[in-house]
Every structure is written in structure tokens, then in C-alpha cells.
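Given the coordinates of chain W, work out where chain R should sit on it, guided by the hints.
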Amino acid sequence: MSPIHDQGYRRYGGRREPEGRRWWVIARAGLMARIRERRVIAVLLAAWLPFLVRAVQIYASANFQQVAFLAPTPEMFREFLGQQEIFVFIVSIVIGAGLIADDRRANALQIYLSKPLTRVEYIAGKLVTLGAVLTFVTWLPAMLLLILQMLFAGSTKFLTEHLFLIPAITLFAAVQVLVSAFAMLALSSLSKSRRFVAMMYAGILFFTAAMYQALRQITLSTAWAAISPRDTMSVIADGIFRIQGTRAIPFPAAVVAVGVLIAASIWILERKVRGVEVVT
Amino acid sequence: MPSVVSLDRVSVRYGRQWALRDVTTEFPSGAVGLLGPNGAGKSTMIKSLLGFVQPTQGQMTVLDLDVRHSPLSIRSRIGYMPENDGHIPGMNAVSFVAYCGQLAGLPRADAMQRAHEVLYYVGLGEARYRNVETYSTGMKQRIKLAQALVHDPDLLFLDEPTNGMDPKGRDEMLELVRDIAHNKGMNLILSSHLLPDVEYTCDHVIVMDKGQIATAGPIESLKGHGGRVYEVRVKGECDTFVAALRGAGLDCHTSEEDVMRVFVPDDRDAQYLFRVAAEQGVQVRHLRASVPTLEDVFARAVGDV
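Protein chains in written order, with the numbering used here: chain W, 1 to 280; chain R, 281 to 585.
So here's chain W without its partners, still in its complex pose (with noise of 0.2 angstroms):
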């Protein structure tokens, strides 16, 4: 035997992974190069910041009579949930908009599907990415006050009460997670910039919003509220946290619009994540 270690090439005999895991692999991947970014991190304790503050106020109420006002309710939470909307934003923006551009931008995508993965597993692997960070700053802050609220009251009474908030969290958290993260993954898809895909996705979210509002004054009919995501939104989170009152669309109009977006993310990805693009 050779004392001196051989560095050349050896054939490979060990055991290989399944198909169909490799989402996972670029899912962590993701995960592990964005939480090592400090922006990401800054991010992410801001987004946990109306956490405390609802926290305190949960704690207050349980604790001192003379706030027994700040009690929480059903409301609260689709109000939490509504507050971390700009969270949302901005992790989508931070985290997701370079998810595929980058990945164009360095000609990434011939390499992923020369592997013996699926365009669905290498998007199914981004959205988690995403999704997972999302799901971070919108279920499980929203969880926990629950969580507090049990213990801070000592009793179960206010969650056996309000059963349904724990499936209309999960809900509602899940529509956000999806429709951020689809949409921006399908903007990340169109362009090699990531900063282009920031500004497309931040555009497009403030002009349907504005849209609408002139529409509105103009028609005086807020059935315009399906173009803009974020009223459409509002309207389902009314909906799942079955809050009264007049909505701008019926809850069903609502469904249909976010379905209707995440539909043509999915076709614009279908299009556009390819191992070669063919210009003709």
C-alpha cells in the first residue's frame, strides 16, 4: 500500500439518495444562506416585535384588572396577522426576489436540471425557502399568543371558546405564505435582477391598491377590490375569522382572485424555469 494518500479521481461505490427529495436539499440550502445574512436576521427580529407587543398586552390583561379591556379576541389575532402583512412584504422582498433571479442571473438553472431533479422539485425547493421564512413571522408568532394566552390566563377557556382560531390561523397564515410566495417566485422567474423583481413586486402590489381606489371613486363600486391583492386578502381574512361587517367583494370573489393569482405564477414558472431558454 501507497504511504502517500492518492488525491486523484475514484470511482464513487457508496449508497444514493431517492428520487424525489431534492426539494429538500435546495430548500435548506436556501434556508441556510439567507439566516446567514445579517439583513435577513434584522428582518426577522423586527417582524417578532408586534409578537412582544401583543404579548405584553396579553400578559396585562391576564394580570391587571384595571386593562382587562386589552383581553384578547378573535379579532386580535386577524388583527396580528394582519399587522405582519408588511413583514410579509418585506421578507418576500428581502428573501424571495433573488431566489430564481439570482439563479438566472448565474446561469444556475442548466446545472439544477442536469441533475436528476424535476423542474417542480427545484420550485417546490425555492417556494419552501420562502415559504418557510414567511410561515416564521405569520403562523407561528400568531400560535404562540395563543399558546400565551392559555398560560397567562392559566385556564383553556378563551381557546375552547374560539376553537376555530387555531384552524383559521393555519388558514389564513397558509393563503399569505402562498400567495407571497408564489407570486414573487413567479416575478423572480421573469428577470436576472433581483433588485428588478424587488421593484415589479412592490409596483404591482402598491398600484392594484391605488388602482382600486380610483376605481372605486370613479365606478363607486368596490368590486374592484379583486385586482388588488392586498384588499382581496382582507376580505378573506374577514371571512376566516368570521369577522361581520360589509366586505368589499363576497368571500367567494375573493377566493377566486387568489386563486386566480397563484394560477398564473404557476404558468408563468411553467414557462420560464427551463434548463435552456429558446429565443426564436
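Everything labelled a hint here was simulated from the structure, so no lab data went into it.
Heads up, a few of these hints could be off.
As the list claims (entries may be wrong) - With a cut-off of at most 27 angstroms between alpha-carbon atoms, the simulated DSS-like pairs for lysine-lysine come out as follows: (1) W/Lys192 <-> R/Lys420; (2) W/Lys192 <-> W/Lys272; (3) R/Lys490 <-> R/Lys503; (4) R/Lys448 <-> R/Lys420; (5) R/Lys464 <-> R/Lys515; (6) R/Lys420 <-> W/Lys272.
Remember, predicted model here, so these are calculated numbers, not experimental data.
Here is chain R on its own, set in the frame of chain W:
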């Protein structure tokens, strides 16, 4: 010799442009060069075999697996070194190559170990902790080879592997490719428009032109077509002299300025060239016996280069 890749009447069209037209060929095991001028359809063929491009018609198999029905099984057994720069942004070399290994199905620890090994093998051992984006063109070529090798494929597709490399780097890359093919028992298909690269590394060649196969076979047998090759330079009406030679059934290709390469069959010799020159009223200023090269094969198949 068993074939590793076969194409049966494959056509690929981009809009109105045919990139591959009714191509039927087989790539034997070992090192095979895919040779042709730019736009001949080499990269399209590789991208079709990888499943990136859907052929308009025809069937393709790689390692006895149908490209249309088993793309993932094929991709787990092949390595692809693309022509363009390609890397995963924000990663250093060892992370990038290990990541590619995991994407190809290697367990995490094995992928990391293999990444170190192949980076040493391709000559990037000392630079393996540097971010890939800071690499020179030559280093980027090497890391593309490393990511193609990390999962130990049975077949390597190398698309213009020496593009943009300096002469020393190019020689080292060719040495690596040759070593992979001849000493490591790996099949490879090297696509290039550079004749010396193919001649140095490959045993077989498939010459493509305008989306079709111009010629194919073992390089040695294609070169040794019987007869001799002469380098000839004449003074006078060169075109008439060439026309007379071609009229007499001799292959004749101009290679640089007024020097031409003439293929003389066994039943004739150099005297015959002098005789034709005298008949056409031109002076032979230079005549030297040469050996057939892949360039001659290419010129005969595709036309003057």
C-alpha cells in the same frame, strides 16, 4: 462496441430553423468527439439528450434508457459540463460541488468528501474555499468539470470544455479529459469546434454540419483512408489546378492562403501532381508529404475550413 447514446431520426426545430434534421447515429463507449462548426447542432443535440429541448420527432436513448420516459434515471448517471459559465450564486467551490453532489443523490457527508476529492483532481484544491464568483475563466471551467464529476457519472457530456482558457490551462484541461476517458473508465462525449482538442482526447468522432451527421467513425480509420496527403503550393491559376485535380477524383482542400492539401490515392503518386500541374500551366513551388489529420477528415466531411 456497445453504444452509450443512440439517436433515431431525431429532429429539433427552433421556430422555422432546423437545429437537428433527421439525425440517426450512435455514440460508442469510450471518448467520442462531437465535432462541427458553430451552429452545426452539437449543443442542441446534447441539450436534447439532457431533456432540456424536446425533439420534434425521433427517439433517443442514453445508457439504454429512453430520454423521454426516464429523464431522471438518465440524469443520475450522467454529468454535464455546460458551455456557458454556470454556478450557484453565493457559494464557495467546495459548497457548490458538494451541493451538486447532493442534488445528484449523494448523502450529505459523502457529497462533501467527494467534493474535496474532485476539486483536488481538477486542480482547484488550494482555491476550494474561495467564492466561485471570484474565479478566473479557467478556474470556472474546472469547477464546471468538478460539479459534473462529483456524483461519479457513467457518462460525461462536455460542451466546449476549453472555451476561454489560456494555452497552459487548456493543455491541463485536455489532460484531465483524456485521463478521465482513458484511465478512469468513464464514457464521455466532448463537443467542440476545436479539432486538436477532439483529436487529443477522443477515439471516435462524429462530425456534424448544418444539423446533420457529416461523417462518423474511429478517428484513426477516418484519417487512414488509403493513399497519401501532400501539402502543395502552386504559382499560376490555382483554381484551374484544383478543378483539374478534383476532376481526376482527388480530394483537394485549401487550408491557408495558397497552400492546399491534396489526397492522392494509392494508385498514384507525387509525380501525378506534377503532371497535372504541367498540363494546367502552373508551377509547383512547394510539395511536401504530410500525415492525415482530423482536420482533413473534417474538411472532407464539412468542406474547406
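* For the pair we were handed, R/Lys448 and R/Lys420, check the Cα-Cα distance against 27 angstroms. => holds, 15 angstroms
* Quickly compare the C-alpha distance for R/Lys464 and R/Lys515 to 27 angstroms and report which way the hint goes. => Not OK: R/Lys464 and R/Lys515 at ~51 angstroms, beyond 27 angstroms, violated.
* Asked: Holds or violated: are the alpha carbons of W/Lys192 and W/Lys272 at most 27 angstroms from each other?
  -> holds, 12 angstroms
* With a cut-off of 27 angstroms on the C-alpha distance, tell me whether R/Lys420 and W/Lys272 pass. => holds, 25 angstroms
* Asked: Keeping to a limit of 27 angstroms between CA atoms, is the pair of W/Lys192 and R/Lys420 held or broken?
  -> holds, 20 angstroms
* To do: Assess, step by step, whether the Cα of R/Lys490 is no farther than 27 angstroms from the Cα of R/Lys503, and give holds or violated.
  => Within the cut-off at roughly 22 angstroms; holds.
When each numbered hint is compared with the structure, a violation occurs for hint 5 only.
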